[in-house]
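Student: For the protein sequence lines, the chains are A and B, in the order given. My numbering puts the first residue of the first sequence at 346, with every later residue one more than the last. My numbering puts the first residue of the second sequence at 8, with every later residue one more than the last.
Source of the hints: derived by calculation from the structure; they are not laboratory data. It is possible that part of the hints are untrue.
Within a straight-line C-alpha distance of at most 20 Å, the following computed SDA-like cross-link-like pairs (lysine to any residue) qualify [as the list claims (entries may be wrong)]:
id, chain 1, residue 1, chain 2, residue 2
1, A, Lys401, B, Ser108
2, B, Lys26, B, Ala94
3, A, Lys381, B, Glu91
Over 12 Å on every C-beta distance to chain B, these chain A residues come out as not near it, computed from the model [what the hints assert, rightly or not]:
id, residue
4, Gln354
5, Leu364
6, Gln382
7, Gln395
8, Ala436
9, Gln449
10, Lys456
By construction, the Cβ of each residue, glycine as well, lies at the ideal position given by its N, Cα and C atoms.
Here are the chains, one letter per residue:
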Amino acid sequence: SQELEQSPQSLIVQEGKNLTINCTSSKTLYGLYWYKQKYGEGLIFLMMLQKGGEEKSHEKITAKLDEKKQQSSLHITASQPSHAGIYLCGAGASSNTGKLIFGQGTTLQVKP
Amino acid sequence: ETGVTQTPRHLVMGMTNKKSLKCEQHLGHNAMYWYKQSAKKPLELMFVYNFKEQTENNSVPSRFSPECPNSSHLFLHLHTLQPEDSALYLCASSREGSGNSPLHFGNGTRLTVT
């Protein structure tokens, strides 16, 4: 079965620093989603990538999907305390099904 | 304010109790989902409903019983649960259930089984 592996599992950065979170799949990705979660709350949708080589940005967050569609990265520029939380990648387990699987999450702390 | 509302936010129940979790979406979506989130484990998909029809049951024990009376409402009926069922239960919806549209999540119900 398909699995998503996120790295690192946790990250502590100083405010203003850049950081990258990676998501690697054991199989071809059919739609890759990035979410952010605050502890004990629901997931907030950040971005969706579908095409190999695709890159999207929103404010200071940029997500990329590699050409082979088996790895994605999330890059935060000039991190702020508001970026703190758990970042999760999710992907369709196969094409045209609603079965979305998730990585284990990356916990980000931003020190002021 | 989230377009997906879950009630209650917190629930404590004994192993012999029967309770239900409720989810309502105001986004006009046609697919709804139940996920379980346990500490230090990835989100686990439990059930998927597409146009009120169950399209996925991810080998969930029968002590969890879903109900989807219409595209806007989803319930999870609980009975004779075990302490290891304690977790955050998240409901989500999407425009359609093919995996080509993002999921929108509620804030979850924190369930504790004593």
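Student: Confirm or reject each hint.
Tutor: Hint by hint, here is what the structure shows:
1. The straight-line distance between the Cα atoms of A:Lys401 and B:Ser108 is roughly 16 Å, inside the 20 Å bound, and the hint therefore holds.
2. For the hint linking B:Lys26 to B:Ala94, the alpha-carbon distance of about 15 Å falls within 20 Å, and the restraint holds.
3. The straight-line distance between the Cα atoms of A:Lys381 and B:Glu91 is roughly 25 Å, outside the 20 Å bound, and the hint therefore fails.
4. Not every Cβ of chain B is farther than 12 Å from the Cβ of A:Gln354; the closest lies at roughly 9 Å, contradicting the non-interface assignment.
5. Remark: the non-interface label on A:Leu364 is consistent with the geometry, its nearest Cβ contact in chain B lying 21 Å away (cut-off 12 Å).
6. In this structure A:Gln382 is not separated from chain B by more than 12 Å, as the shortest Cβ-Cβ distance comes to only about 8 Å.
7. For A:Gln395, the shortest C-beta to C-beta distance to chain B comes to about 8 Å, within the 12 Å cut-off, and the non-interface label is violated.
8. For A:Ala436, the condition that its CB be more than 12 Å from all CB atoms of chain B is violated, with the nearest at approximately 8 Å.
9. Residue placement check: A:Gln449 does not keep its beta carbon more than 12 Å from all beta carbons of chain B (closest about 5 Å).
10. For A:Lys456, the shortest C-beta to C-beta distance to chain B comes to about 23 Å, beyond the 12 Å cut-off, and the non-interface label holds.
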